[in-house]
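Engineer: These are the residues of each chain, in order.
Number of protein chains: 2
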Amino acid sequence: MKFGLFGGAVRRGETADSASYGDFINFVVAADKLDFASIFIVEHHFSGIGQVSASLSLLTYLAAKTEKIRLGTAVTILPWHNPILLAEQAATLDLLSGGRLDFGIGKGYRDLEFKGFCIPKEEAQERFDEALEIIFKAWTSSERFSYHSERWNFEDIIVEPEIVQKPMPPIWTGAGTPSSIQRVAKNGFNLLLDQYGSFDLTRERVDVFRQACDEVGRTYNPAEVGLTRAIVLTGSKKETAVAKEARAKRSGAMSKFGRLPGLPEEPQSYADGSAPVDDAAIIGEPGEVIERVMELREFGVEYVLTLATGTPESLNNFAEKIMPAFADEKQSLGSAAQ
Amino acid sequence: MKFGLFGGAVRRGETADSASYGDFINFVVAADKLDFASIFIVEHHFSGIGQVSASLSLLTYLAAKTEKIRLGTAVTILPWHNPILLAEQAATLDLLSGGRLDFGIGKGYRDLEFKGFCIPKEEAQERFDEALEIIFKAWTSSERFSYHSERWNFEDIIVEPEIVQKPMPPIWTGAGTPSSIQRVAKNGFNLLLDQYGSFDLTRERVDVFRQACDEVGRTYNPAEVGLTRAIVLTGSKKETAVAKEARAKRSGAMSKFGRLPGLPEEPQSYADGSAPVDDAAIIGEPGEVIERVMELREFGVEYVLTLATGTPESLNNFAEKIMPAFADEKQSLGSAAQ
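Residue numbers (the working numbering), protein chains in the order written: chain B, 76 to 413; chain H, 76 to 413.
Just chain B, with the same shape it has in the complex (with noise of 0.2 Å):
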């Protein structure tokens, strides 16, 4: 079993489990030291609560604050993108971090964002296809190419500075459905799953992607799926009581935004935050949570990105509380790369 972290920072205003960029940095230098596996950060535009933009930015100052950790996007919506300048800015962090980028890429879900770019959503899914496939062209090409389309056009470039991972980093993207997790598969990527699906929604993800790997004649390696979970250790049943509450308005107020892509419609999706979560968070004392996380092992999930909350020093209980109940194993889990 591997821990990693999940989230971002926000600037302006507030909610119930954001930190301010500072306090953020102070975080994830703090996981890196407790041997936190990785930090992926979302990309959000025109929020109006400050949540991050620029997370490559924010990835490549973290990349010099930090020594070991995996530094990843979940996830970089590339049709908001120049394909170039983003495989420029990825193999940038990719260099500087000495080869610790986990490329997370998606097609966008958020209707405010759609409009903000004024980008139909209809063309999500072939602008990101279209993105995609330039920029593997761009970290795998050692001579200068050329790419034209009715949206891009490139002629003899070469992109610079080379990535370091070869031929390219981890690239991670979300599905929930079981077409978009077959995808998945097919395509050689990662797979995240979100902190919103219950334990038995996950557990059926899981198997279909097991399954899509066979398929395909893909050996299914745990630590190619990150699953996402809002995870509170409490010393009491009364904080417990008071944590899920919490994080019942928290989802309610994040629904606002729209539904995540590949999300089936029901009760305990992204969308619906009057839907109880409890089944989908783990809140509770340190040995009900050791107990729910080999609930998960026991369905192949091996890699667990708890949600960027709180603060150094909780990081620091779940460290000594949780972590070395699955120790032993940890090793035995090997690199997240491809």
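Simulated from the structure, these hints should not be mistaken for lab results. Keep in mind the model is a prediction, meaning the values are calculated, not measured. Hints may contain errors.
As the list makes no split between identical chains, a pair holds if one copy fits it or if it spans any two.
What the hints assert, rightly or not - Derived PhoX-like pairs (lysine-lysine); straight-line CA-CA distance at most 25 Å: (1) K108 with K140; (2) K261 with K241; (3) K396 with K319.
Fit chain H to the known structure of chain B by using the hints.
Structural biologist: For chain H alone, kept in the frame of chain B given last:
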């Protein structure tokens, strides 16, 4: 008299005075400790010799590694970028560095880059002007706004995080001809003067800028004029001769990328690498270098950006042997912030 640095790392290939990213970072970290005022980093694409492409990314990394040094682009080529993503990245750097961003901007000059991005050179000025308008709007709007043109469309957006330096970071732009220098004065921007202009030409340019400032009712502030110079400290006449020859060769190698914008067509210009550069570069033993820098001061240059070449040791040498000659006046120069 204030000293900053100008340059960039390279990843692929070698030129006489370029460092790897790792060496370059060590160099800037040393400069920060030695009280150099700034590092201005170039942005180039598809150079084939690995020049820095994601200059804001590299500066964001350096923000984490340094304490006081100002972090400049020299320059960010606006026509290559989505202005809103650029505004977000620059604001993120300004936030993470505690307000140390110096935003240098240009419209591009290398044919290789116009060709690479498939952007007609004739559109450079128009694209530059439009991008700048959008970026300024993005940084100064505390409410959501929309922008629509043939080229860019944004609806109901707000750029986050907020810029830290209010109303915005210092804006720097290169200029060489009288009309372009006058425009810089009129726009309220800071002026970057290039490393290839002779002493006489530099004096003329400063005079043009000073007069243009008078004409628009702007007080001439020498902290708002950054002059780039190749400065090489030698230990003997023989070393001086060798360094001058190396400098001439290097200028020749760079001339293949084309002429910097705003430069008059004359022998000492950027594009003509075979021309003598002795009168632009400052190469010599400490006493000679101090004398030359004092000449610059006499005609109003009090902010010199030395080429970021050499090693932390040579930087230390510069700080020990040159800076003390100008130490008394350092405080009187004040900030370069607008």
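Engineer: Evaluate each hint against the coordinates.
Structural biologist: Evaluation of the provided hints:
Proximity of K108 and K140 under a CA criterion of 25 Å is satisfied in both settings, with 11 Å inside one chain copy and 18 Å between copies. Taking the shortest Cα distances, K261 and K241 sit within 25 Å of each other inside one copy (20 Å), while across copies they are farther apart (49 Å). In this homomeric assembly, K396 and K319 come within 25 Å of each other (Cα to Cα) only inside a single copy, at 20 Å, whereas the closest approach across copies is 64 Å.
Checked against the numbered hints above, the structure violates none of them.
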